[in-house]
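We have chain A; now place chain B onto it with these hints.
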Amino acid sequence: DPKIIQKPKYLVAVTGSEKILICEQYLGHNAMYWYRQSAKKPLEFMFSYSYQKLMDNQTASSRFQPQSSKKNHLDLQITALKPDDSATYFCASSQDAENTGQLYFGEGSKLTVL
Amino acid sequence: QQQVRQSPQSLTVWEGETAILNCSYEDSTFNYFPWYQQFPGEGPALLISIRSVSDKKEDGRFTIFFNKREKKLSLHITDSQPGDSATYFCAASPGTQVVGQLTFGRGTRLQVYA
Numbered sequence: 001d002p003k004i005i006q007k008p009k010y011l012v013a014v015t016g017s018e019k020i021l022i023c024e025q026y027l028g029h030n031a032m033y034w035y036r037q038s039a040k041k042p043l044e045f046m047f048s049y050s051y052q053k054l055m056d057n058q059t060a061s062s063r064f065q066p067q068s069s070k071k072n073h074l075d076l077q078i079t080a081l082k083p084d085d086s087a088t089y090f091c092a093s094s095q096d097a098e099n100t101g102q103l104y105f106g107e108g109s110k111l112t113v114l
Numbered sequence: 001q002q003q004v005r006q007s008p009q010s011l012t013v014w015e016g017e018t019a020i021l022n023c024s025y026e027d028s029t030f031n032y033f034p035w036y037q038q039f040p041g042e043g044p045a046l047l048i049s050i051r052s053v054s055d056k057k058e059d060g061r062f063t064i065f066f067n068k069r070e071k072k073l074s075l076h077i078t079d080s081q082p083g084d085s086a087t088y089f090c091a092a093s094p095g096t097q098v099v100g101q102l103t104f105g106r107g108t109r110l111q112v113y114a
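As they're listed, the protein sequences go chains A and B. The numbering used here applies: residue 1 is where the first sequence begins, and numbers increase by one. The numbering used here applies: residue 1 is where the second sequence begins, and numbers increase by one.
Among the hints, a few may not be true.
To be verified - For the chain A half of the interface with chain B, some residues (derived, Cβ under 7 Å), not all of them:
| hint | residue |
| --- | --- |
| 1 | Ser-94 |
| 2 | Phe-105 |
| 3 | Gly-106 |
None of these hints come from the bench; they were simulated from the model. No residue lacks a Cβ here, since even glycine has one placed at the ideal position from N, Cα and C.
Isolated chain B, as found in the complex:
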């Protein structure tokens, strides 16, 4: 059973548009949700994260919206740039486990066209 689900599997937007990437989870004990960005041939890199006590986290053009009741979150990338083209992973962990033990979704591949 997949604990963290992401949709869509792939997404194409034009430069300047807002990309919306969705994530949902099953485990109610999850309370830390990082998003990772991965370019081809590289390892994932932390982009932005949120804890379940918050419903929104913003960092520049990247914003996480979190709905604890529905166990859903989304990553909004405003003013998308071609350099944002990458695969984005939603991950989760419960507070009782070590920070490095993350459960990842399958990722959303984002393509931004100029």
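Chain A with its partners taken away, still in its complex shape:
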């Protein structure tokens, strides 16, 4: 059974609209992350959260806003969608934000912006 659940698995949006990507992890981890994988770029780190607090943000655009309502949740809200936002977004987690353990990835949410 998947330990990191991402919803939806596929979604299509129109330019200018807003979408929320859902992520829940059942590994008991304290740190969660978002990564993006597109055809043009390698897998890219976006955000890191530890104990529901933002640790680092490598996303230049404020259109991307992570939201952590619970310790094991880290959703990603994307506003004013652009075709360039088309990518697969991966949620990941690790036991802690310190330099221990491994990174676990979800199965991804593939976003297509028309």
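Same frame as chain A, but now just chain B:
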């Protein structure tokens, strides 16, 4: 500028052969190098990792060779199996950053024919 480079982009081997996947990096502060395996429709999964204090790490049929002076590493998959067909990502991070903030290469797509 691409911080982590992988070659070849794609690789085809026959069952039983050894597949060699290469990786190089730019940043001298990188000291943790995980390799991730990704099957279509799934998220990346940690395969094996090495820290810069070691020059070799072995786990079953998978071995990482690391050359710190040349900033190069390679993943050797011996006795390749059709089930090894996947995309392999080399990643890196410096010890000063959280474990989840990895810089990924573009990947090597491995095809193993029976």
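Against the structure, the hints come out as follows:
Taking 7 Å as the C-beta contact cut-off toward chain B, the hint placing Ser-94(A) at the interface holds, the least distance being around 5 Å. Because the beta carbon of Phe-105(A) sits about 3 Å from the nearest beta carbon in chain B, less than 7 Å, this interface hint is met. Look at Gly-106(A): its Cβ gets to within about 5 Å of chain B, closer than 7 Å, so that hint holds up.
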